[in-house]
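Sequential numbering from 675 applies to the sequence shown in the numbering used here.
Since the hints were derived computationally from the structure, they do not count as laboratory data. All the pointers check out, no bait thrown in.
When the alpha-carbon atoms are kept at most 20 Å apart in a straight line, the in silico PhoX-like pairs for lysine-lysine are as follows:
#1 940 x 973
#2 775 x 1098
#3 795 x 1077
#4 731 x 1068
#5 731 x 795
#6 898 x 914
#7 756 x 1100
#8 940 x 910
#9 795 x 990
#10 914 x 973
#11 1100 x 775
#12 990 x 973
Quick caveat: nothing in here was measured; it's all calculated off a predicted structure.
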Amino acid sequence: MSLYLRNARFIDWQTLKIESTHIKVDEGVSGGISFVDSVPDSAVADSSTRVIDCQGKFVTKAFGCGHHHIYSTLARGMPAPKQIPTNFEEILTYIWWHLDKCLDKDMIEASALASALYCAKNGITFIIDHHASPFAIEGSLTTIADAFDKVGISHLLCYELSDRDGSGPSEAGLAEHERYLAGGGQGHIGLHASFTVGDELLNRTVELARKHGTGLHIHVAEDKADQDACLTVHNKRVVKRLHEMGGLELPQTILGHCIHLDNEEKELIRSTGSWVVQNTESNLNNNVGLANYSQITDKVMLGTDGMHCDMLRSAKAAFLSGQPVEGLGMDTTYTRFRNVHRYIQSAGFTGDGDNNLVVLDYDSPTELTDENFIGHFIYGINSSHVETVVARGKIIVEDRVLKTTDEADILTYAREMGNKLWAKMK
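The task is simple: from the sequences and hints, build the whole structure.
In structure tokens, the structure reads:
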């Protein structure tokens, strides 16, 4: 189907130049857009042509999430843990490692569908996810992929490998990566964090990543405990360990968090060109600290760490918290917000073409121009302004309603699975 966006004010996501135009949107994984002088009359358009009148609303490239955890979707409002955590390791033990052990295939599907729904309605058309379900691993990546595809979201997936639950889940996790990637799935080799991964497992993940032409996706020094454990067990710091084991030589590797690093580790990340994902709100929620990412690398993108599905919210949090920590400017915040596209392109992944677009119903009380867009991005534009979303050239959200599948069915299913999960956790 040919899609036309009439009367759009197009914002180029890289130059920020604003142009009043009509847009022809090509369909497909590698589809693009073109500016045209006229569009077909919507009244006489046939079944192969769709025309949307934007009525002067802003249109720009859709958004991407650099680090997500769909497995946390059903956690909202869940019962309190049996023991109140007092540090990061206890947060993992009593909350997240308790929850992920209780997940089954249906819960995973519901989590992925609901997360994709929220992402789509917030303008996100590409998700890089990091999954965990140690007793429901087989087929989990395909379950997530199918749910994302049903909603219309492109994706890069992995399973969070770890030795924390013994050899059974770690072997199953390796097999799941092999099955998914060998079958044509697009993803990384996932790892939880250095302090839960032994040398043998780390070696095998690096080799598996090399085999499939991808990289690692791992939490790095999110809490000081990760560094303390690495120094105690391996007599070296986390980034140095990853580098010596070959993890940083893979250009697709993503390092999440990177809060507690020393100067040598920062230099290793810069010299290898590894990408870092900033997850500000999660770091604040877990009280693990904030990093000066400007001292690490300019290859920083933003994620949610499963806290929510709103990248505009993540960008604002990164800016507000980054001012006192690193003197972060609005322009650098926007660059980090958009770096996920640069990562996807440089790493050779697909699904994030120019035909992923959002229509923003942003009726500002002040003028929006090429020169002041960044100010509107930080202080004005938010997810409530996302009206229509186009993914791979197809409309997936129109007038703030998901069009690819039924929202009510997804949320009913999610609530059913949420209750089932909470009962199991008790």
